Amino acid sequence: MTGASWATLYNATVAGNAISYTGGANYGTDGNYQFYIGESAGTYPGNAIYDTLSKSFAITVNGGVHVGRGNVFIVGSTSAANLTIATPTTVASKTSASLTLASGSYLSVNGYLGAVASTTVTGFISAADSVSMKIASSYYTVGPATGTVINAQFGNNNAMEIGGTFGVYQNASTNIGSNLSLNAGALAVGNNNASIVVGDNANVQVSGDGVLVYGSSTWMQFGSNLTLSASTMSFGANAAGGTQTNNTFSVGTGGNITVDNGVIANQSNGVVELGTSTNLHLINGDLSIGGAGNATGARSWFHMLGDNTLTLDTGSIIMTNTSQTFDWGTSGNISANSLSVNGNNLSFTMNTNASVNLSGSLILDGTSDTMSFGDSLNLNVGTLTADGNSNLMTLGNELTLNASIVSLGGSTGVTGTQVSAGNNASITISNGFSDNLSNGVASFGSGGHINVLAGDFSVGGAGVDSGQNWVHMGSNNTLSIHTGSLIMTNTSQTFDWGDAGTLVADTVNVSGNNLTFSMGTAANIDLSGTLALDGNTNQMIFGDQLILNVNSVSLGGTAGVGNTSLTVGKYSYFTIYNGFTDNLSNGTVQFEDQVNVSILSGDFSAGGTNISDGDRNLIYFGNDNTLTLDNGSIIMNNSGQTLNFGLNATINASSLNISGNDLIFSANNSANINFTDSINISATSTTLTFGDSTIMSVGTGGINLNTSTNFIYGQSGTLDVNGDITLGLNAEGTVFTIGDNTHLSANNIIINANNPVITLGSNIIYNTTGWVLNGTNDNIALGDGASGSLGNITFGGNASSASFNTGSAGTTTSALTFGNATLVNDATLTLNGNVSGSSVDLSGTAIVSIVSGTTVNLNSLTMDGSQQVTISVGQDATLNISSLTTSNVGSDNIPKIIVNGGTVVVAGQETRATSSLAAHEVDFAGIDNGIYQYTGSIQDANNQLTVTDFTLSDKLVFSAQEGYLEETRYVTSYADGILTVGYVNATTGETETLAKFNYSPADSSQDVPNVIIQESSSSPTGYDLIITQCFLTGTHLLTPEGEVTVENLKAGDQVITLENGQQVSKEIVWAGTMDVNVNHYENKGPLYPVRIKAHAFGLNQPCRDLLVPPEHTIFVDGGLIPARMLVNGRSIIVDTTIEQFTVYHIETETHSILLSENQLSHI
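In full-length UniProt numbering, the protein residues as written are 1 to 1163.
I should point out that these hints are in silico values taken from the structure, not numbers from a laboratory. Possibly wrong hints are sitting among the right ones.
[As the list claims (entries may be wrong)] The calculated DSBU-like cross-link candidates involving lysine-lysine, where the alpha carbons are at most 30 Å apart (straight line), are:
1) LYS1066 / LYS1093
2) LYS1084 / LYS1066
3) LYS1050 / LYS1093
4) LYS996 / LYS1093
[Unchecked claim] Computed spacing ranges between beta-carbons, pair by pair:
5) GLY1052 / SER860: 53 to 63 Å
6) SER789 / ASP526: 20 to 30 Å
7) THR885 / GLY1052: 53 to 63 Å
Computed from a predicted model, the values in this text were never measured in an experiment. No residue lacks a Cβ here, since even glycine has one placed at the ideal position from N, Cα and C.
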């Protein structure tokens, strides 16, 4: 057939009639030809077949081919040939070309089928229902770059077999009705403004390059009940690259999509939407969503509507790039290897009732990404990971999570990621939970249950730039760590729980820096291992009504860190199986009121320390608390610690053992304490304080204070010690105090320590076996009103300067009794009040003093005269002795009973005696302004008094005797270690030596002191002698108000002194005078004053003649020189013209250099 205006085969009756086309390749190029294959009365293959054999066929401009119902159009049956519609032409007036396939027709092209349009030519394909097409190569429609869109329309029930790509490009569209059957090498829509729209119930098989949607503003749309099988699917990406935006791929409800080798969605501002109840199944490869939103506020979307299923047999879901959303409706179902969201501003969202099964990982990373799941999620995953910058993972309420590992954070330099699970979560983790976020949040709502089957629950994140990393657990949550521990490390983190939390684990370990672990009220904790808290500035806080069962508690231990605290709220029960250890530094442990701590085995050990002076490690128990150790002890060691119990404490333990330095143990009022064995103190500077109304019992091990201790027991309590109370040899300076109205029971109270300070309050009732004093300055003074039995009072062989004073003991109806009192060395026993004893045994220089008004009854008194022993009985006192025995009595050491207006009755007889005096030494230790006042006279010619390290600002004060009251007659001299004080007899003129003191000055170059007299009410004669230093009358001293003569200065006035080259004002603390007459002395020479003439040391130095005693020191060339040693016979002379004069002495608080007549001199 060569072509004609009309070529028609109409209602051919013979099936398979063939028309062979022998014309040119372009049919109808003149615009006037139409080719029409008529209707077939029968069914396919119809009655007409048009076959181009081996020729391609082109329909251009106004050309058209119509294939009627049931007929066949074959292009290239014998060899490859193409069918082209609207090949571009130069005929500007022609604008359309078409291929029309009627219902039931068949089109076969042994090449490609293409519909192409330029701006002036439109290619159009129209197929009715039930059309079959077989295209050996590709199907494509391409529209113009601009202008009219080329359209292809296909009816329902069509069948297409495309060997290559079914493609629609550039301003072209293909619309296909329902029930499509399509088998193609690829299905593509690309370039700009292209679309493929397919109706319901399509069955699409795509091999080769798979499904492709790319370009800008392109879309591919399928109706409901799609069945799609493809090798791959790619959205928004092709080899050409370039900007590709606003792509859309959509599938209606009930679709089933199977992909052999992965899905890639890289659209920009694109949309992939799979309708409800659609299944997407990837046999191999990943679902990769790597597109972007390419403008502010724009996003790329991947929608999975309700009841959808996404299955990846071997691959993963991967979201990357930026500004994308992958969202799901309700009841979504995912099965895959992994799900990864790692980009910028990405959003993955699943609605309620989702089910996610991942054999690998669930990963949230990137920056500002969101992964959100609605309520009732069922999530099964190998590893759940959340990291990155400011990301958010939300897992909704009613979560069911099964994971091998949960790992949050860990990357360097990223912060602010948050992970949350809503209320009533059920979480099972096979191999551990770790939170290493920075400034992140991991949050679990209320009512959840977390099971960690193996491994730890580890919180190792950090707060950076003053931020915090948070883990929140709502109320009524349970965390069960079956074989591992809860671990907090690193820095600046908070792990807080709401009320009624339950924690089961091996160990809780909080160590790091600035960490907080807190649980609200009514928490229940069960730990098979240790509750451990360490690190720097960390906090562990438990609210009220805690129930804790733990194997052991261990706090602190790391050197150089501190300020960590543990707080336990009110009404809590703490059960510890194997001991409590606090080794914190500057830490605080706080048990609020009504806490019960029970330690079934092991000790309560406080071994912490203070990092710096003034800081302390503190353990506080509030009011009404109970600490019970079934078989262990309370142990305090190290340094700088305080263990304090509030009101009404109950303490039960074997022992209290304290060793270390600067430790404090205190129990407030109304405590009930039971130490079944002992209290043992071997720490330096320990304080034990027990408040008022305390009831304490101590076992047979007693109370042993082995080092310096402050032991303070309040009033109105009971102290019952079944053993001894011992102050050991190394307990020097111990303060031991028992308050008023206390019942004190003990075996022996043994004091081996030196210099203890023992204070025993009033009205104490004693029940002791004995008291032993065996140290230096062991001084015991009972408070007034003491009663009961003291037992024996024994001063041991090492006792020195020891004393025992009963105070005003007893009452009119109740006496204080003692057994045998044994005094040795210089012991003193003072008896006062209503006192009775069995016996007193004195030796050494011991003294018993019976206070005025006291009555003492002794069965026996034994006095050893080897040295001087004394009993002194005060005025109106009575000593009744049934038996008096003395031994070793000599003429020099007669045992004495001194009766000072009292009464001593020995077997019915009274005895009286007088006092005596002994030699002694006064040591001024080289310290200024010392005063020694001796109640006796200065007469001591036999060197009985030794004076050492005397300075000229010190004073020796004696009582002046009758006949020795003219101070001008006293002379002093010093030679060979002897200070001699003499008195010039007024009649004979001879000097009488009154005293020779063993004497050593503080400074070998200082002056010999003078003697002055001043009135004294305490002296028998009304005067005291004072040995000191002085100035002569008329000497001008510089003061802040100018020069003032020495006789006009008094105590309280100010004088100018020289210190470090600076003039400093100082207060005069004492002033005195003495008149001197040289004619009263045999040797006048040393008594005349020295005159230092004006300008002797330079201009105005001094400014006037300066008169001083010869021993007065002058400040010359940086040193102090006595005036007599400066005499040169010219400018400095001994002035023998002055025989009678008055000298004045002034003192400041310390040695001073004064300006006297503008000359530096010393006082």
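Status of the hints after comparison with the structure:
1. LYS1066 / LYS1093: holds (27 Å)
2. LYS1084 / LYS1066: violated (36 Å)
3. LYS1050 / LYS1093: Status holds; Cα separation ~27 Å.
4. LYS996 / LYS1093: Violated. LYS996 to LYS1093 sits at ~36 Å, over the 30 Å cutoff.
5. GLY1052 / SER860: 53 to 63 Å: holds (59 Å)
6. SER789 / ASP526: 20 to 30 Å: Hint violated: Cβ distance 53 Å, outside 20 to 30 Å.
7. THR885 / GLY1052: 53 to 63 Å: About 60 Å separates the Cβ atoms of THR885 and GLY1052, which means 53 to 63 Å holds.
Hint violations for this structure: numbers 2, 4, 6, all remaining hints satisfied.
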